[in-house]
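Asks: Here are the chains, one letter per residue:
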Amino acid sequence: MSGCHDVAPSGSGPSEAAPVVALAGNPNAGKTTLFNLLTGANQRIGNWPGVTVERRLGTARLQRTRATVVDLPGVYSLLGGGGPDQEVARDVLLDGKIDLVIDIVDASNLERHLALTSELLETGRPLLLVLNMVDEARANGIEPCAHALSAAMGVPVVPMVARRGTGRPELLAAIERALAAPSRGEAPAYPAAVERALAALSELTEVAAPARSRFQALRLLGGDEAPATRPVAHALEHWSSAALEETGEDAADLTAATRFAWAHRLATLGQRHGARRGARQRVTDAIDAVVLNAWLGVPVFLAVLYLVFVLSFSGGNILLDLFDGASAALFVNGSGNLLLRAGLPGWLVSVVAGGAGGGINLVATFIAPIAITFLLLAFLEDSGYMARAAYAMDRLMRRLGLPGNALVPMVIGFGCNVPAILGARVIEGRRDRLLTVLMQPFMSCSARLTIYMAFAAVFFRGHGGQVVFLLYVLGIAVALGTAWVLGRTAVPGTPAAFVMELPPYRLPGFRSVWLQSWQRLKVFVLRVGRVIALIGLVLFVLPGIGWVDGRLTSTDVDHSLLAQGSRALVPLFAPMGMRPGDWPAVSGLVAGAAAKEVVIGTFNGIYRRRADGTAMDAYRHPEVARRLRAAAATVPANAAGFLNGLRDPLGLTAIGSAGAAERASGADSATLRALAADFTPLSAFSYLVFVLLYVPCASTVGALRREVGWGWTAFSAAYGLAVAWGAATVIYQAGSVTLHPLSSLLWIAAVASAAAVLVTGLRRYGRRRPRRARRAAGAYT
Amino acid sequence: MSPLFAVRDRLRERGLATPRQLAAELELPLAVVEAAVAHLERRGKVRAAPPAAEPGCGTGRCGSCRLCFTAGPDVPWVRWSGPPAGARRQEPAREGVGRAHGVTSPALLDPPR
Chain A
777 MSGCHDVAPS GSGPSEAAPV VALAGNPNAG KTTLFNLLTG ANQRIGNWPG
827 VTVERRLGTA RLQRTRATVV DLPGVYSLLG GGGPDQEVAR DVLLDGKIDL
877 VIDIVDASNL ERHLALTSEL LETGRPLLLV LNMVDEARAN GIEPCAHALS
927 AAMGVPVVPM VARRGTGRPE LLAAIERALA APSRGEAPAY PAAVERALAA
977 LSELTEVAAP ARSRFQALRL LGGDEAPATR PVAHALEHWS SAALEETGED
1027 AADLTAATRF AWAHRLATLG QRHGARRGAR QRVTDAIDAV VLNAWLGVPV
1077 FLAVLYLVFV LSFSGGNILL DLFDGASAAL FVNGSGNLLL RAGLPGWLVS
1127 VVAGGAGGGI NLVATFIAPI AITFLLLAFL EDSGYMARAA YAMDRLMRRL
1177 GLPGNALVPM VIGFGCNVPA ILGARVIEGR RDRLLTVLMQ PFMSCSARLT
1227 IYMAFAAVFF RGHGGQVVFL LYVLGIAVAL GTAWVLGRTA VPGTPAAFVM
1277 ELPPYRLPGF RSVWLQSWQR LKVFVLRVGR VIALIGLVLF VLPGIGWVDG
1327 RLTSTDVDHS LLAQGSRALV PLFAPMGMRP GDWPAVSGLV AGAAAKEVVI
1377 GTFNGIYRRR ADGTAMDAYR HPEVARRLRA AAATVPANAA GFLNGLRDPL
1427 GLTAIGSAGA AERASGADSA TLRALAADFT PLSAFSYLVF VLLYVPCAST
1477 VGALRREVGW GWTAFSAAYG LAVAWGAATV IYQAGSVTLH PLSSLLWIAA
1527 VASAAAVLVT GLRRYGRRRP RRARRAAGAY T
Chain B
76 MSPLFAVRDR LRERGLATPR QLAAELELPL AVVEAAVAHL ERRGKVRAAP
126 PAAEPGCGTG RCGSCRLCFT AGPDVPWVRW SGPPAGARRQ EPAREGVGRA
176 HGVTSPALLD PPR
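Top to bottom, those sequences are chains A and B.
Position 347 of the first sequence, counted from 1, bears residue number 1123 in our numbering, the numbering being contiguous throughout.
Position 19 of the second sequence, counted from 1, bears residue number 94 in our numbering, the numbering being contiguous throughout.
Bound-form chain B, shown alone (with noise of 0.2 Å):
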């Protein structure tokens, strides 16, 4: 399976995962699971989700609680925002150039290795 479709699907199942989470259980190069990331991103099928997202955190801040503090310069969280699992859905072409092919914000990613 094509590197892409295992980020997506994998992403898709759990709803909620880190770049390096993702890396470690599909045992892809970290690199290429951002470059993923950032496709199904510029793609609207995933968005950042800061830590708020996460039951918890109760302050809805970044950085503000113990979490943030020790995982790093910014916890890169990503939810799943496509349509589940079976659904077919054509995208419409969107307008513009597209964004930055393969890297994205440390907000949203980690450092890639």
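Okay, chain A solo, but in the shape it has when bound (with noise of 0.2 Å):
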């Protein structure tokens, strides 16, 4: 399924003989936005490290030919260090056939990463250097001066901004001319004795690949890496000595001061400061010292993340009403009444309009508010913040035995848990990797927002941002809580150091900022949509078909197969406050452990057929117009409305009866409006909590085991179940404490044993099976 996940696939496949051109560079340097530049691709890029962890290939149409190009995780060294994704950089840099190699380097922070071009230029592969992001360089008074460096390096450079396309045409064209003619230039050069050693021990390893030989020799004498045999560490101890008694300093570091002292010759040669650098970075160190604040850093990203949902849900209010009589006006009424004219029979009009329409229409309510949230996710991506609330949280996250940057794919699982299990790879530590695959799950994907979105326009509508908010802070705490309590438990250990490079502070391009948006919102729009109407559509015919006496049969929807298996379940959910009734509730649960967004697209089948009867009559009786017109006219009383919301932003409205949260939704659409029915603001709120935390779709449960292995997979969504099931029960017992208060103190303690239950367990399990526990949490790459 799944329609959330935004993992797109490789771009168009490799020419056949297209020559091969891989982008490396460091973390963030802008290899994604070159290589979208290039392709015409439209692959996610952010303006934080790791955003690629995975190689992705697309095809170049330079001015003569095509070239197919590889964008690659970025790295910081082919010598080894960083995650699995840095690994896979790596490896086609020093072994794949490339014709090619475009090193993207930060021209504002130019020495440091010209570390990663020195080793590049090692492999002896053509290069062509792209200094990108000129432009912030010369915000920060540095002047690049690429024909200095590229007379000093021996290859082509290029000054580039690429992501506002700056410098393409010149690109390709030095593209062209260095496959035609390629540039190897000058390597460092390391002191004879370190070159000598480097030659002998190159001799030994059993690596054909002559980089790939070099760079081992280089790891060896780095101490990066144990020699594998005797005549190696014996070769090894030789040459080593040879190398301190000759320039009196350890060979590993003189290999890596060659680089540094030639990185810093290279910046001087290559860049000019001017004066107006010291204003930049007092600007920068003034909006750090808030946001990286030890004690401030943590409440700011929770209050920047509020305002996301308060303004994403008010704003969107505004035009929600619109979107939703709008569509129903069209895809609902306007279509049935085509089909009915069409001479189609009244069943498959109902199917059609009320099942598939039914679900364009909820749909499409939520487009305001999801779009808001999407833009100014993009928007805080691109500025730079997101990677500071990361290293904000560090301090946080490893208190809870974690690094810092596991905070990076817990952002990227706003968007879809998916890419987020894979983005984990940019973490070094293997368990540190697995507690933070562990933890996604329970991150709100753009899935989930429909539903939050659906429940709040009925139960919460004054403050709905609110309560969406809170639903992701759970998120992000029982992520955490989890990561706590097995870090703790089933995999001990220590988080290593925190892996990650701050970005600069950027004013987002509008262009970047709704490209971003925009991928998500398709995404969401056309496959969690077209998800939603599909299901709609069946689950529309499903509750038709019941067993009657005997034999199959078409019947009412509460008689039908569909209800009877759910009413059968409804009794495991009634501590979170299901009633015999609400199997409608129990039916989109089960449904949507398949895909979070067939919950709406079940509750969507189910009411639609319940109110059939009276759909047949708007068929018939459109009035497309009034309704259209009905529906414009609610977009000012909704910005009136959000306006108040401003005033009282933290207003929160009493949990009352069923009957007064269908008054106060005034939700037009038939789904909104049975919803208002079924529940009460508080077991809306439960269930809302379970559909949170409850078992991992079934796309996320094919990274998890890719991830980490069924063992593992399987724990996910076993604790995930009893984890949501125990949260929902707590709040709603504690919710309705004073209505039957025995009881519920009851099932709260009877939840709090459970989950120390679960503790002593993991502990045991941590404690007698250590190496059972290292095997599992090392069983993936």
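Don't read these hints as lab results, they were simulated from the structure.
Glycine included, each C-beta is placed from N, C-alpha and C at the ideal position.
Some clues are possibly wrong.
Among chain B residues calculated to face chain A with C-beta under 8 Å, some are [to be verified]:
hint, residue
1, Pro78
2, Leu79
3, Phe80
4, Gly90
5, Leu91
6, Gln96
7, Ala99
8, Pro104
9, Ala111
10, His114
11, Arg118
Restraint-style ranges between C-beta atoms, simulated for each label pair [to be verified]:
hint, chain 1, residue 1, chain 2, residue 2, range
12, A, Val1533, B, Pro158, 49 to 59 Å
13, A, Thr1044, B, Pro158, 52 to 62 Å
14, B, Arg89, A, Leu1283, 36 to 46 Å
15, A, Leu1497, B, Arg89, 54 to 64 Å
16, B, Arg89, A, Gly1024, 15 to 25 Å
17, A, Leu1302, B, Arg89, 54 to 64 Å
18, A, Glu952, B, Arg89, 45 to 55 Å
Dock the two chains into a complex; use the hints.
Replies: Here it is as structure tokens:
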């Protein structure tokens, strides 16, 4: 399934005889931006390191030919370090069949980025240097000198601002020239003693590729790799001693110092410093003093997140009724009328207009708030703030036994859990990676946002943003709590150092923010919407079939197979507030195990089926124009409500009866009205908590299995189900404790006891089977 | 002189410093100093020194004194733990793959610019 997953397949496949161009560089140098620019793809970009964790292929049309472009994860060094994502880049750069390496460096952080360039030159591959972000360098008072850099390095250098497309024609021409006449440049020269040691050790390594054997020798000499055989160990000892005697320095330090010195010399040649550096730095420092502050960083992050959701929901509310009313008029009533006029039978009109049309209506209703959420998140990502949020969370994360960069996949998880799980590859330590992966299913993905929006529109109309924010924060809290518990019980250990480079602050570009938001919205509308519409159609038919008088026959919805099966499960959910008549909610949960967006599709199918009789009247008399006018008339009233909401941002409505909620909802959609009748605000919130936390969707299960194996995947699903049930039960029982104090307290005590048993079991697992736990933790790469 | 050796020698001389101090004194980009410190840390020549290492800190817990509050998310002291100047010692090759090259924990370092 899942519609919500934004892991797009690779761009167009490589051409048969096309030359291969690899994009290499430090994380957050702008490789994917350049990849999109060269290939016309729309791969996700972000102003933080670690957005790309796998290689991607695309085709670039040059002036006379085409080239296959390989986008690689960011890598700091070819010598080692980092997570599996950096290993992917190293494998391609050292062993891959590449005709040209384009090294993208950040012109505002040139000396640091040239360290990788020195290593790329050592591979002996044809190289082209892209001096990216020259605008930011200039804003920092640094004037890049591409010609001087090119002359000193012996490779072509192209200055660019990739995110604006500046320098694209020059780059295409340079690629064409570099493919025709490759330049390998001049690698840093190590002292003679080191070169002799490298030559000797390279010969002893059992590696065919010359670049790989040289880098293996460098790793041996640098102490990054232990010698595999006794002759290699003897040679290493001999040549290291010889280098120490000859130079007075450790060979490991000498090799690194040579590259540092080379990068320093090149950076000095390749840029001139102006006088404006101080002002920009002071602004950055002033902002960072707040957002990275030990005490303010986390509250600031939560405040920002709160604002995002309140603004999204409240702002989106202005257009919510317009989209709802207009789409209902067009896709449900209008299409039903057209189908009736075309002479189609009533049952088919009901299926198409009520099932599929109703699904479209439901998706369209939430386009506005979801689009605003995506816009604001993209703005934050592009500004450089999200990377700082991860940095600010580092202290809290480490106290929970996690590295700070575990927050990066978590933020990605707001869009979709699948790329978030894959994004955990940026984390170096296996234990840290396992914990980070197991946290991801609790992050609220965009598919779940649809469910929140539907319920918030009905039960928490005035303060839906706060409720959605609360659910997001609850997801984060449960994710962190999971890591904390597992890190102290089943997977003990200490977190590795946080590997993260802070990007510069940028005023987000309109194109970049729009593109990112549009990509996510498109996924929501097309994929999630398609699933909801299709499920709505299927579930419009399914509740019409039942086992009556010993045979399968058509029946009303309340006697259908779906109703009978779901009713059997309702008692399991009674402690979280479900009543026997709430079987559609159980159907939604069962179907939602495949894909979260299906929950709403299920409601849609069932409730529209129930309302089918009245719907036929609406198909015969659609009154499309009047409904469209009425929908448009809601905009000023909702705008006024938005302004009122700003005056009362923390107002909390009383948790009342279903009737009060139905009156308060004002929802036009039949599905939303039916929702209001079936839940109270309290049971609705408990239900939302269950939806937030219970089993991951099918695609997330697939990603989990791929990253951590079946054992941890099964644990994740069972653990999620247990946590969801426990949390929803505690919330409902605590909220209704005045109605039935004894049973509520017993239920809460039972959940607490079960949690204690779980923790004890996990601790025993971690203590008694450390080897097995370690194997399990390392059962993935 | 290579920036790596410049950082190493200054740190050996001072004993304790922050990367930001080293960057200012040596007129090097902070990110380069951080990369140099990360290399020296991998080589076992420097280690993170919590504020407790400072005589002014009485509690021994990072973030518990005013110094931490005003200095940023974590006070990024690093302490020289290699051989003193003039000593010659061969570092044995270590097992396993090296840590990330060029970046390290914010517990150890300032944010790179």
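Asks: All hints are to be evaluated individually against the structure, with a verdict given for each.
Replies: Hint-by-hint comparison with the structure:
1. Proximity of proline 78 of chain B to chain A holds as hinted, the smallest CB-CB distance being about 5 Å (cut-off 8 Å).
2. A least Cβ separation of about 4 Å between leucine 79 of chain B and chain A falls short of the 8 Å threshold, and the interface hint therefore holds.
3. Given hint, phenylalanine 80 of chain B at the interface with chain A, holds; its Cβ is 5 Å from that chain's nearest Cβ, closer than 8 Å.
4. Proximity of glycine 90 of chain B to chain A is violated relative to the hint, the smallest CB-CB distance being about 19 Å (cut-off 8 Å).
5. The closest approach between the C-beta of leucine 91 of chain B and any C-beta of chain A is roughly 19 Å, which is over the 8 Å cut-off, so the hint fails.
6. Taken as an interface hint, glutamine 96 of chain B does not check out: its beta carbon lies about 15 Å from the nearest beta carbon of chain A, beyond 8 Å.
7. Against a cut-off of 8 Å between C-beta atoms, the interface hint on alanine 99 of chain B is violated, since the closest Cβ of chain A lies about 12 Å away.
8. Hint status for proline 104 of chain B relative to chain A: holds, with the closest Cβ pair at about 5 Å, below 8 Å.
9. The beta carbon of alanine 111 of chain B is positioned within 8 Å of a beta carbon in chain A (closest approach about 7 Å), and the interface hint is therefore held.
10. Interface hint status for histidine 114 of chain B: upheld, as the beta-carbon distance to the closest one in chain A is roughly 5 Å, under 8 Å.
11. Interface restraint check for arginine 118 of chain B: the shortest CB-CB distance to chain A comes to about 6 Å, inside 8 Å, so the restraint holds.
12. Judged by the Cβ atoms, the range 49 to 59 Å given for valine 1533 of chain A and proline 158 of chain B holds: they are separated by roughly 53 Å.
13. Distance hint check for threonine 1044 of chain A and proline 158 of chain B: the Cβ-Cβ separation is about 31 Å, which falls outside the suggested range of 52 to 62 Å.
14. Against the hinted window of 36 to 46 Å, the Cβ-Cβ separation of arginine 89 of chain B and leucine 1283 of chain A comes to about 39 Å, which satisfies the hint.
15. Between leucine 1497 of chain A and arginine 89 of chain B the beta carbon distance is about 56 Å. The supplied range of 54 to 64 Å therefore holds.
16. Distance hint for arginine 89 of chain B and glycine 1024 of chain A: a CB-CB separation of about 22 Å, consistent with the stated range 15 to 25 Å.
17. Taken as a hint, the range 54 to 64 Å holds for the pair leucine 1302 of chain A and arginine 89 of chain B, whose Cβ atoms sit roughly 60 Å apart.
18. About 52 Å separates the C-beta atoms of glutamate 952 of chain A and arginine 89 of chain B, a value consistent with the hinted range of 45 to 55 Å.
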